[in-house]
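Undergrad: The task is simple: from the sequences and hints, build the whole structure.
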Amino acid sequence: MLRPSTFVPAKKGLRYVPTSRGATDFLQVHDKLAALMPSITRMATLQHDCAETLPSMFSACGVLQFESGQLVLSTPNAAIASKLKQQLPKLQEALQKRGWQVSAIRLKVQVGKTLDKPPIVKQLRLPDPALSALMELETTLENTPRNATLLAAISVMVKRRRT
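My numbering puts the first residue of the sequence shown at 1, with every later residue one more than the last.
The set of hints was computed from the structure by calculation and includes no laboratory data. The C-beta atom is built at its ideal place from N, Cα and C for all residues, glycine as well. Be a bit skeptical, because a hint or two may be false.
What the hints assert, rightly or not - FRET-style restraints, in silico, Cβ to Cβ: (1) E93 / T41: 36 to 44 Å; (2) P129 / L151: 18 to 26 Å; (3) E93 / H30: 35 to 43 Å; (4) A79 / T41: 27 to 35 Å.
What the hints assert, rightly or not - Subject to a maximum C-alpha distance of 20 Å in a straight line, what follows is the list of computed SDA-like cross-link-like pairs (lysine to any residue): (5) K90 / L141; (6) K83 / S56; (7) K85 / K117; (8) K159 / L141; (9) K85 / D128; (10) K90 / P129; (11) K83 / L107; (12) K108 / A60; (13) K97 / K159.
TA: What follows is the structure, encoded as structure tokens:
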């Protein structure tokens with residue numbers, strides 16, 4: 001059964017800018033999705049508290065599960081997991097001070113999508129004397145079948161460097 005929504009569509013000609021409040025309204029419209037809201041807010045608060053305790057280390061990590069005092073955290077690789085493992089007592093103590101009843105913390109390495117950085121294309125810049133030497137070589141080299149490939153390569157290189 002759908003509940004009436006407080007969502008008001010954008011006026012004609014204006015773009016709707018989604019907000020976190022709009023997402024909350026959407027989740028509350030459906031009964032089954034509305035049942036998830038307390039869990040979502042609890043996990044988001046726990047994620048925030050963990051990130052405040054270990055800000056530099058927890059940026060790549062996330063809270064997977066928190067049931068019956070057992071906190072399960074995800075890490076993107078084993079290196080971060082081993083560093084985080086050393087900080088678990090500190091994290092557990094800080095969470096307990098904030099009111100979380102954490103009795104144990106487990107780590108799971110979950111390799112997610114890795115963002116491939118585009119390869120850096122290096123464009124070498126030939127100095128002017130080198131470019132003029134190549135142009136001179138292009139004009140002075142004999143035009144024979146053996147030199148045809150070399151002449152074509154030099155010609156392409158000179159044209160590319162001129163522009």
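Undergrad: With reference to the structure, classify each hint as holding or not holding.
TA: Against the structure, the hints come out as follows:
Our hint of 36 to 44 Å for E93 and T41 is violated, since their Cβ atoms are close to 24 Å apart. Between P129 and L151 the beta carbon distance is about 21 Å. The supplied range of 18 to 26 Å therefore holds. In this structure the supplied range 35 to 43 Å holds for E93 paired with H30, their Cβ-Cβ distance being about 39 Å. Between A79 and T41 the CB atoms are about 31 Å apart, so this pair conforms to the stated range of 27 to 35 Å.
Taken as a hint, the K90 and L141 pair is broken in the structure, with Cα atoms around 73 Å apart against an allowance of 20 Å. Under the criterion of a C-alpha separation no larger than 20 Å, the hint pairing K83 with S56 is consistent with the structure, at around 11 Å. For the hint linking K85 to K117, the alpha-carbon distance of about 28 Å lies beyond 20 Å, and the restraint is violated. For the hint pairing K159 with L141, the CA-to-CA distance comes to about 17 Å; that is within 20 Å, so the pair holds.
This hinted pair does not check out: K85 and D128 have alpha carbons roughly 57 Å apart, beyond 20 Å. Straight-line distance between C-alpha atoms of K90 and P129 comes to about 63 Å, which puts the hinted pair past the 20 Å bound. Using a Cα cut-off of 20 Å, the hinted pair K83 and L107 holds, with the two alpha carbons roughly 11 Å apart. Annotation: proposed proximity of K108 to A60 holds, straight-line Cα distance about 13 Å (limit 20 Å).
In summary, the hint linking K97 to K159 is not supported, as the alpha carbons are separated by about 69 Å, beyond the 20 Å threshold.
Figure legend: structure checked against the earlier numbered hints; hints not met, in rising order: 1, 5, 7, 9, 10 and 13.
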